[in-house]
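Participant: One letter stands for each residue in the lines below.
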Amino acid sequence: GDSVTQMEGPVTLSEEAFLTINCTYTATGYPSLFWYVQYPGEGLQLLLKATKADDKGSNKGFEATYRKETTSFHLEKGSVQVSDSAVYFCALRMNAGGTSYGKLTFGQGTILTVHP
Amino acid sequence: GAGVSQSPRYKVAKRGQDVALRCDPISGHVSLFWYQQALGQGPEFLTYFQNEAQLDKSGLPSDRFFAERPEGSVSTLKIQRTQQEDSAVYLCASSHRRAADTQYFGPGTRLTVL
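From first to last, the protein sequence lines stand for chains A and B.
Per the working numbering: the first sequence = residues 1 to 116.
Per the working numbering: the second sequence = residues 1 to 114.
Bound conformation, chain A alone (with noise of 0.2 Å):
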């Protein structure tokens, strides 16, 4: 079945740093591919997303590249910040048609944690 993998954490940065969060995944057609991010005592927000190959996705500086060669869409930040401290989640939607529904499949998440 479909599913999404991403790099283990917890990763620790300093401020300014850069940042990648590795993710890819396994699916049978061509799914749309998505971060979400929780803050803490938040509920999963989306972050960005693309729907198809070489599509970029950005928002609040992360920015993202839907690679179908590599089955890949890591996270990448020039320069993080406390406040971007989150746990942030990979997830694959596939497209309509079929029975799927638009239903999310999520990776395990990865814990970033940003210090001044």
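Rather than coming from a laboratory, the hints here were simulated on the basis of the structure.
Don't take each hint at face value.
Pairwise CB distance ranges, derived in the manner of DEER restraints [as the list claims (entries may be wrong)]:
1. B/K78 / A/Q81: 27 to 35 Å
2. B/N51 / A/G1: 23 to 31 Å
3. B/G59 / A/G29: 14 to 22 Å
4. B/S73 / A/E15: 26 to 34 Å
5. B/S5 / A/T28: 29 to 37 Å
6. B/E52 / A/S79: 43 to 51 Å
7. A/T51 / B/E52: 45 to 53 Å
8. B/S58 / A/S79: 37 to 45 Å
9. A/S79 / B/D63: 22 to 30 Å
10. B/Y10 / A/T5: 27 to 35 Å
11. B/V74 / A/Y39: 25 to 33 Å
Glycine included, every Cβ here is placed at the ideal spot set by N, Cα and C.
With chain A held as given, fit chain B onto it using these hints.
Facilitator: Okay, now just chain B, sitting in the frame of chain A:
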């Protein structure tokens, strides 16, 4: 406008008790999803409603789990005869209409079964 709300936020149950978890989706949202998130894991799909119709319940782990959305708005996830392995955060998400629409998540209900 109001987001997705869930209640209670925390629930402690003794093994064998029945529990009911409520989800209030964003007003007007047609699609509603339930997910289960075990500690240290990502959310896993449980079930999906389009209006009042439960179109996919393939993720429900056992027949002790039951969900309903009788009027196409509020949804309730019921777990009968709770077991320790049911301890998790239960997340509800809603989306406007189509499967392709963005899912908005509630804060979750943390269930602890003793």
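Participant: Are the hints correct? Go through all of them and say.
Facilitator: Now the hints, each set against the structure:
1. With their beta carbons about 42 Å apart, B/K78 and A/Q81 fall outside the hinted range of 27 to 35 Å.
2. Between B/N51 and A/G1 the beta carbon distance is about 27 Å. The supplied range of 23 to 31 Å therefore holds.
3. The hint said 14 to 22 Å for the Cβ distance between B/G59 and A/G29, and at roughly 19 Å that hint holds.
4. The hinted window of 26 to 34 Å between B/S73 and A/E15 is violated, with their beta carbons roughly 44 Å apart.
5. One distance hint, 29 to 37 Å for the beta-carbon pair B/S5 and A/T28, holds here, with the actual separation near 35 Å.
6. A hinted range of 43 to 51 Å for the beta carbons of B/E52 and A/S79 is consistent with their spacing of about 48 Å.
7. Range check, A/T51 to B/E52: Cβ separation about 29 Å, and the 45 to 53 Å hint is violated.
8. Between B/S58 and A/S79, the C-beta spacing of about 42 Å keeps the proposed range 37 to 45 Å intact.
9. As the Cβ distance of A/S79 to B/D63 is approximately 51 Å, the hint placing it in 22 to 30 Å is violated.
10. Between B/Y10 and A/T5 the CB atoms are about 31 Å apart, so this pair conforms to the stated range of 27 to 35 Å.
11. Under the hint 25 to 33 Å, the C-beta atoms of B/V74 and A/Y39, about 26 Å apart, fit the expected range.
The structure does not agree with the numbered hints 1, 4, 7 and 9 stated previously, though it agrees with the rest.
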